Structures are given as C-alpha cells and as structure tokens.
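Residue numbers (our numbering), protein chains in the order written: chain Y, 1422 to 1746; chain C, 1422 to 1746; chain R, 1422 to 1746; chain Z, 1422 to 1746.
Since the hints were derived computationally from the structure, they do not count as laboratory data.
Predicted model, so just to flag it, every value in this text is computed and none were measured.
Even for Gly, the Cβ is constructed at its ideal location relative to N, Cα and C.
Wrong hints could be hidden among the right ones.
In silico SDA-like links for lysine to any residue, alpha-carbon gap of 25 Å or less [unchecked claim]: (1) R:1514 - C:1720; (2) R:1741 - Z:1504; (3) R:1714 - R:1737; (4) Z:1504 - Y:1729; (5) R:1488 - R:1531; (6) R:1445 - Y:1434.
Now the in silico label distances, taken between C-beta atoms and shown as ranges [to be verified]: (7) Y:1563 - C:1434: 50 to 58 Å; (8) Z:1422 - C:1472: 44 to 52 Å; (9) R:1531 - Y:1563: 32 to 40 Å; (10) Z:1524 - C:1434: 23 to 31 Å.
4 protein chains.
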Amino acid sequence: MSKYSIILGNLGNTCDRFLSSGYKDELPKETLLRQAAEIDGVTGVELVGTWDVTSENVEIVGDLLAKFNLKCVSIIPDHFSQKRWGRGCLAAKDPDIRKQALDYTYECIEMARKLKCETLNVWPGQDGYDYSLQSNLVQERRWLMEQIRELAESAPDIRFALEYKPKEPRNFSFMARASDTLLLAKETGLDNVGVCIDTGHAFVAGENVSESIVILQEYGRRLFHMHFNDNYGSWDDDMIVGSVHFPRYVEMLFWLKETNYDGWYSMDQYPYREDGQGALRESIEFLQMIENKLDDAVMEQIRELLREGNAVKSQRWLRKTFFKL
Amino acid sequence: MSKYSIILGNLGNTCDRFLSSGYKDELPKETLLRQAAEIDGVTGVELVGTWDVTSENVEIVGDLLAKFNLKCVSIIPDHFSQKRWGRGCLAAKDPDIRKQALDYTYECIEMARKLKCETLNVWPGQDGYDYSLQSNLVQERRWLMEQIRELAESAPDIRFALEYKPKEPRNFSFMARASDTLLLAKETGLDNVGVCIDTGHAFVAGENVSESIVILQEYGRRLFHMHFNDNYGSWDDDMIVGSVHFPRYVEMLFWLKETNYDGWYSMDQYPYREDGQGALRESIEFLQMIENKLDDAVMEQIRELLREGNAVKSQRWLRKTFFKL
Amino acid sequence: MSKYSIILGNLGNTCDRFLSSGYKDELPKETLLRQAAEIDGVTGVELVGTWDVTSENVEIVGDLLAKFNLKCVSIIPDHFSQKRWGRGCLAAKDPDIRKQALDYTYECIEMARKLKCETLNVWPGQDGYDYSLQSNLVQERRWLMEQIRELAESAPDIRFALEYKPKEPRNFSFMARASDTLLLAKETGLDNVGVCIDTGHAFVAGENVSESIVILQEYGRRLFHMHFNDNYGSWDDDMIVGSVHFPRYVEMLFWLKETNYDGWYSMDQYPYREDGQGALRESIEFLQMIENKLDDAVMEQIRELLREGNAVKSQRWLRKTFFKL
Amino acid sequence: MSKYSIILGNLGNTCDRFLSSGYKDELPKETLLRQAAEIDGVTGVELVGTWDVTSENVEIVGDLLAKFNLKCVSIIPDHFSQKRWGRGCLAAKDPDIRKQALDYTYECIEMARKLKCETLNVWPGQDGYDYSLQSNLVQERRWLMEQIRELAESAPDIRFALEYKPKEPRNFSFMARASDTLLLAKETGLDNVGVCIDTGHAFVAGENVSESIVILQEYGRRLFHMHFNDNYGSWDDDMIVGSVHFPRYVEMLFWLKETNYDGWYSMDQYPYREDGQGALRESIEFLQMIENKLDDAVMEQIRELLREGNAVKSQRWLRKTFFKL
C-alpha cells in the first residue's frame, strides 16, 4: 500500500469569493492534526505557509507533528494568499515583489529543514495573467524559471515539486499543464526540480491524468508528488475522490505503480460544506479499495488489456473486477 | 427491470468528418437486427430514417422485426443526413425546405404506424445556426414550434419525443437544453409532445441529468424517452455507459424509478472503432447492474440520503453498496 | 441610448478563496458612490444586501444616493455571503433557514421601497447542490418556487428578476439556465417574476445570449434585467466587456433593441486586480460604441443579414461597420 | 505583410458524421486552385494527402500550381482519412500499420520534393485513444516519437511541423498541446522537427495562443507553422477568423512579429455551409486589418502596455486603436 497524506487545511475552514468568512468555524491547529492522525492510513500532512506554518510557529508545529506521529510531507509556500502577491509573486513585474517572493521561499526552505521535510510543493497561483495584452510572456516566464532555479540550486537537499493548474486565481497560469511545467523544470537543469500533479487541475486542463503521469516519468522521472481530488471537468471543484469519475482512477493507480512512483498519495480537497475528516477519509478509502486490487495478477491483466486496446473488454473487465454484480 | 432497446445504426458503420467512409464495413440490415436480438434484455430497436427505414422498405423492415421478435421503439426521422437539410430542416429559412421537412416527417408517421411504433424521436440536428448575426432567432424558433405542433396535432396517436443537444452539427441548436425544449413542447399545447433526454447531450449542456429528469417529469410528465451513453463532458463522445462516470448513473436510475418513468432505456452510442454489439451489451449490463440494486430497501436508503444531504455519507454508501471492498 | 448602471461592490474590494482578505483595500461607501456617479452615462447603481445596504443603514444610503443623483436600480438580497446560508437559503433543507431566508428577503423588499427601487435582483447562489445523491431535486426545487411565489405575491409593486448561473458557489445551481428559470418564473403564475441575464453566466451555460434574450422576451416578456461582463467561456471570470468577445455583443444589443427591452444595462464585474472605476467605464464605453451604431438604417441592415443567414456577409459587415480599416 | 496561404480542401466539400456525403458538391481541383489564387494576398496552398495530392497525380498538381502561380506551402500527409489508420497510424499497435504509415509518409516526402515544398505538416489525428485502459501510454508514445525521428532524420531537407489537437477524431490525441508536442520534437534531437499551432486547437486546449507561440519560440524556435481559424472554445468549430474573438488575435499577431516568426499565416477552416472562398478571404482580411496596424510605433505601444500590465489601459487602447468610435 502506498503512503497516504492530506493537506492540513482541508480539515479546517474553507471560504470562497462570496462567503469570505468561510462555511465553517476555525479549529485549533492541534484539533486539525489530531483529526489527520485519526484517519486510517494517513501518516503525513502537507502544511501551507501562513495558514499552517510560519517561521514563528515552526517549532510548535514540529512538536505537534511529533505528538501525533505525523510526517511533514511537504510545505506549500504561501505564494497566493497575501495581498502583496496579488499581481504576481515569483514572476511579478515589480522587482521588489520578486525579491520578497524569493526571500519568503527561502524562509519556507528553512522551515522545511526544521521539520525534516524534503519537499517544497510550489504552486505559484498568482503568477499568470487575466487579459490579452497584459503580460510580457517572454520576460515573465523567464523570471519564473530563474527564480525556481535560484531556489533549487541553493537547496539541493530539498525537492521542488511544481504544481500546475490552468487557471484560478489568474485566468491563465504560467504553470498551466503537465508538459509546460516539465519544460520549465528541465530548463532549470537541476534534478531536484519536478512536478506535482493535482488530479483535478489535470482534469480541468483536459489531460488524461494517466498520460500526464507517464509523460512526467518518461522524461527523467520528474513526477515528484500527487494531489488527489475529483471534479466535473470544467473547474477545480476539489471534491471527494470517486464522486464523479471511476475508471480514470484505476488507470492512474495502475500507471503510478507501473512507473514505480514512490511518492505520497496526498489528498487535496475543499470540503466547503462537508465534514472535512469524513471527506478525506472517504477519498483515501476509495483509492485504497482500488490499490488493494492491484496485485501482480491484476497488473498483468491490465497490461494485457493495454496491449489489446479493446475498449469493450476493458470496460467489462472493470465492471467485473470492481463492482458487485 | 426496465425495457431496454438500442438504436439500430449503433451496430453498423460509423464515420466522422475525417474518415467519411467510416471505420467499419457496412453490414446487411438483417445482420444488425440479429445482433440486436442477441443482446440479453434488448426487446426493442429505434430506426433512423434513410439509414434504416424508408417508405420503400418499411414492410421488409417490419417482417425482419417480427422475425427477430423486436419492437420498433421509435422512428428517428432523418432530419440531418440529407444535403437538402444542410442549412436547416423543420426551421429552414427556405419555405420550400420547411414544407419538404413537414412532408418527409408525415411519411415517417406513416412508417411508424405500419410498424406499430408509437413514438417519433425528433432530433432536428440541422435546425440552429453557427455564427453571430446569422439567424432570425424569433422567427426561426417560431417556425420550429409551429411545424412540431402541426405534425403532432395531425397525429394524436403518435408521441413526439423531442431530443435536445447543445451543438453539433450546428454550433448552436434551437433545441439545446431540457428546459428550452420543454418550453417548446408546452407551447404546442399538445399532450403528445414531450422530450427525449440523451445523457451525453445533457452532460455537454452542463446539466445534471437527474435534475433534467425531474424538471421534465414535474412539468407535466413530459419525459418521453431516454438515450444512454457516456462522455468526457465537453463533447458528445457517445461512449459505453459507465466508462467515464459512475455515481451520476445511480442517481439517474433512482430518479427515473422515483418519478415513475415507464418508457424505454435506449442505448445511443457511436462505437466508431469498437465491436458495436459488445459496446451496447456492456452498456446495458452496466445499467442493469445498478437497476438490480434498486429494490425497495435501497430506494428508501437513497431517499434518506437525499433528505440528509450529507455528501460524505452518500459517497460512502455508494462505495459500500456497489463496489467489492 | 439605454440606461446604464453598475453594481456598487464592483468598485470596492474583491476577494477569492485563496486571498480571502481581498486584492484591494476597503473604501468608504461614499467614495464608491462618488466613483459610480463619475462614470459618464451611469445613472443608477445596484446594491447588494449586507455588503452595501441593510435595514440599519438604508436611510443613510438613500441620502447618499440622492447626493450623487443616482437611482437604486435593484437590491440584490444577500442570499450567499452569510454563514447561515452555507447549505442553502431559500431552498434550504432546514425549514428554519428557509423561514429566515424569507424574512430576510421581506426586509430587502422594505429597503427597496424606502429607496424607491422597483426591482429585487434575486440570485440564490447557495441554492443547489454539489454531489450526486445530495439533493431531493423535486422537493427542494418546489420550495424554491414556492418561496419566490410567496414573496412576489406579497409585493406586487416589486419586480423580481431571477438571476441564473450554472454553478458557483454550488457545483449545480437550481436556477442554472435561462429556460429553467423562465419555467420557474412562469410557474409562479405572477407577472412580477422574471429573469435577469448575466452575460457571463450565460456564456458559461453554453448559451448564445441573444437567443436567451429572445426566449425570455417571446415567452411573455420576462427579461427583467441585464448584467454585462465577459469571460473565456468556461468560468464566470467577470471581465471587462469586449475583452474576449466582440460579435456576440453586437448581436445582443441588436436583440435587446429589437425586442424592445427597456430595462437597465448594468455592469457586473469582479475587477480583482484592476481599477474598478476604469474597468466599469471601459465596459460601458464599449457597449455604447456598439449602441451608437445601431440607428434605424443599421438595424435594418442587420435584419436583412438575419434574413439571408450568410455568415461570410455578416462577418464582413461586422468588420466594415465597426473596425477602422 | 506576412505570407498568407490556405488549405486547399477548405474550398471544397466538407462533411460531418451526420451528413457524410457533405454539405456541398465536389469541385474540380483546378477550380479550387483558381479560387485560391483569386483571394488577394494568397500566394501559397497546403495540400492534403489523398484528398488533394497523391504519388499518382503529383505532376499534374505541380503543373496546376505553376499555372496559378501558387507555392505548395506544405503537404499534410493523410494520416486520418483511410480506413487502415482507424485504430492508429504512426503509433498504431499493429506493427504492420506502423510500417505502412512510415512508407506512406516517405511517399509524401517525395511528393513534397517534387513540388519544391519544404514542409510536411504532420497531424497524426488517429494516434491516440478513446477509453481508460485502452492504450499502453509509454509504448505507443515512444513509437510515435521514433517514427517521427526516423522520418525527419532521413529527410533533413524537409521541415516537419507537428500539429497538435487535444481531441477529435480520438477522445485523446498523443499530440494534444503545444508543450507536449514540443517535448516530443525536442526528444528527436533533430532541428527539422517543430510544431504547428492551429489557433482553434489551442483554444480548445485552453491555451492562450500567444503564450503557446512564445513557449515554442523560446525553446529553440520550434514554431514552424500557423493555422488560423476561430471557435467558441470547447470544440474545433473551424470558423472564420474574428467571428468569435478579437483581442486574442491582436496579441497573437504581436507575438508572431515580436518573436520574428517568418513562416506562413495559413487559413484552416471547415466552411461546411458557407462559400469557402468568401470565408477564407474574410479571415485573411481580418488578420491583415490587424497586421496593417502593427507598425513600429504600435509595436512599441504594445510593449509598453505589457510592461505595465494594466488591463483597463490595454482594453481601452484596443478599442481606440481598432474600432471606429
């Protein structure tokens, strides 16, 4: 069975642009960590900068992680929720903001080291643009790459997992798709820069996630991290895994195993109106239900299905293998 | 168990705009009907005008249906595959074309009567427009309604199931969504005009099919017919049922039963490169797998889930009820 | 020239789920109103409940409106930004919440009367659902209609413009599309219930806005209000009018005029990172640029283009009429 | 002014899956070429294999091109309209089909040489898959790359422009997006392999075409070719340029010029029901209208807009520069 983790904030309050105070009440960090630890199979958490961890509270957070026997799987630098990043962060037009973004990310690297965390999950959500004729696409994309390179070069002990997303909060993100982001990662020339797939972001990008996994693994094993959720295809609805799609997850878990992905299976959802712990638990149990089936014999059956390419057989096999008839 | 049928042409050759000769070979009509009859549970077929049935061959087709003990569930007038309908059919700008469309549909009514078929499934695929400033939206929509009304008034023994689809082959169809089409049906003032939901068309329209079912049933039991298939959400891919989505089909079958839908469950797919019979059979077995579960106890469990509205519970219930754990 | 208005909050701070404190600073209400009045052509504003107007401040707001010579075009009851509405408002499962929603809306009616405002723009953003098997679609949709009917029946002096939107903040809204909402409006049996089109919501619904205008006008002149903005088609990006599309707006303004729409042309945007006043002004100037061209001769030219339906001619005409060659 | 060309077949008959005989009548090749030559500014044509050019008729075609003084801008090998390619072509599972695909493409290289054409525009439309668990994504993607490499290595005098498209005729194409295709091109290690952007394909992929241009040019000047058309965003509607969008085309033409693209501006449309010559002419005049404005002063104005990133200013500038006020 793979290693499962969650993003801590998924257990807390979540807001949107209409209900900015959030749908729930704020809970103490200790409660969130206890809830994480209570989910069967969860052994790690991801912490978001500002929201979950800062230079100021990192030791306290470390103690709490130890208390609940949880590993810090990644730190996600807060490149998105601060007013100063509103018009760009690592790739901002303003050189002072770019510098601040760099400094802040260095801080996150230090936090990671203190928490014995090996991965920075970098999602530069504010780096992009909204309108035609608003961005110097050559220059700003270069800045983004150079900043990532500078950070990664300075911290060879840390893996930088770049998380892509086609849009939101910008109408166009610079890191929009698996291959765009892989190109940027490769351009740094550094082995500690790779990519994080968020399944919902990939759905919105029109990608078949399995193919994104394969592309990232084929070009130098650059798949560093996985975020799981589900959605209806046109937006990052951040729903419980399996609540919309089914066969796609079987294919994903097959290819993760087939390409020897050994990273975390992390849940990233926005259970606005749901019990957060329940939503994450259900997602994990859904994935584990699939993983449990993927023994050697079943892996070989799938390989044979792929060789043949007969969609009727594949669908029949999926139904007979996974459903109560 | 419900009544299952298929669209006959799904078993034959299928083409697209790039491979206009089609991906397969043409098969004799008798072979298609034999294949239909061989699928467990199939007791009816839908026949497309021109492709499957014409005034000339209707007796022969009737004999073949009898031979294979198949009911003609609907005739789908060919309002889309003839060059003369290229710029519109029932709602064409050219009054002569509108007249031809009417005459041709009257012919289809006669065919239906000869085959003891009670339903005309009307999909006016060419009625719509492609560009801004191309259609007199008031006038052409009125023509469409008036033509339907004239036809339905003249044939009270026939039910007219209007099939909607947001686009293709026109960029915008006049019958685009469930509610648009319901409005038109109601405007005729006739009880024998209702709506056909094609699940894939509804997905493309962004509808939750269950809600479309409910809307059509709530406003005077206007759901006359159901076409089943699956797709990725942005286009009418016409795939095997369950090959992309799962929970949505459970919800649909619940609501069909809950609102006492007593029409056909008909398969409408385009198995371009698949064995047609296998694709249809697999779709039916997928739906029957769900239907088999929907006994009184399970229906009541679902009602309780809907009362509570707890998404975590619903997802957990779906997994535990339908999947092998 | 038509009557132009704006939604007041568009001039203020705007947030999203990642930057919940907002991209800008809060401004005093008086500043917002002054900015509104400064935009050439703007003679009215729409006020959002809670954000802009409450029972407590309604007199002060009225005085400020008078000071800046602005009409209150509509009140938009706050059915979306309060925690108590998080799981539904007018159609909530909880009868107490439904009652509160009713009471609160009655309050808004009183505010409207105090401000001599004739329209309540009702956008029940929280009424819908997110997951399969989460909503009793029959019951909850009925509640929504009945609540609207009760409100509208009690206030025949007020027009209720129901604003539809396919999704956000719920994955599925009960008022999702023009025709769905028209059906609900008609079901109330009341003449003071109609529909508001938000152009961006309609784009996301896959509608051709011109056709939505026509449908609403054809079925009993139910188009009560218009919100203008632009987007990329898959999400409610709430952008400056004309920043993505062009010919669609020409077609819209033609049909508004052709069907004798005499309501407001109101701007509804989310200029997260832009100068709000500038964004609204530019949108209005864009629309006025089109409107200025629509004199009797040009209206007749368009009618002729619609009669002929030749897309090449229409595109050529658009280019020659609107662009500097 | 740039070099303009068209795809010859755009002038002929076009069909779809419902009207497989096509919306128009077939015209003699000479008529099509005459029509192409008649369009002001057109100096080249692209020829599709099978449809327009074969080993058998290449000399005749060459003579006709000479007669009308048209350059053959590219040959587009027919990797999509033959029944044998139905389940894959260059990347087919069947080794014999892969071999045939290679042999056929070699034939196209010979045709190109005979016509003094420097570019093969390779669109492997049938290489992809439709269902989950249908494709060995690692193996089949490798085959595709290896076949392209083998072809390009053998013909250093020919440029291979790989045209991407997210879907259709397969639900998922292997060459789906700009960056995916760039990665494949780079992996060949050959300088004569690059990418063709079809603007409509890029819209469907959710790309901002300008950014795709920039990415391809930044990573080694791999933008080899441009196909122009417009659509509504969710499907390859292949419409007249400018019939839906406007500012995006200004941004594109800016970046093509700014990155010193010196290839062709080629029209690729499917004027199903329109006069083909008129549709192409209008598209070219629309693009030329923009290009005509992009003199040194305007280019500098745009650079300044990009430096500042003020969307209100950009939209205002667009309106004042391009529209009659």
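Hints broken by the structure, by number, lowest first? 2 and 9
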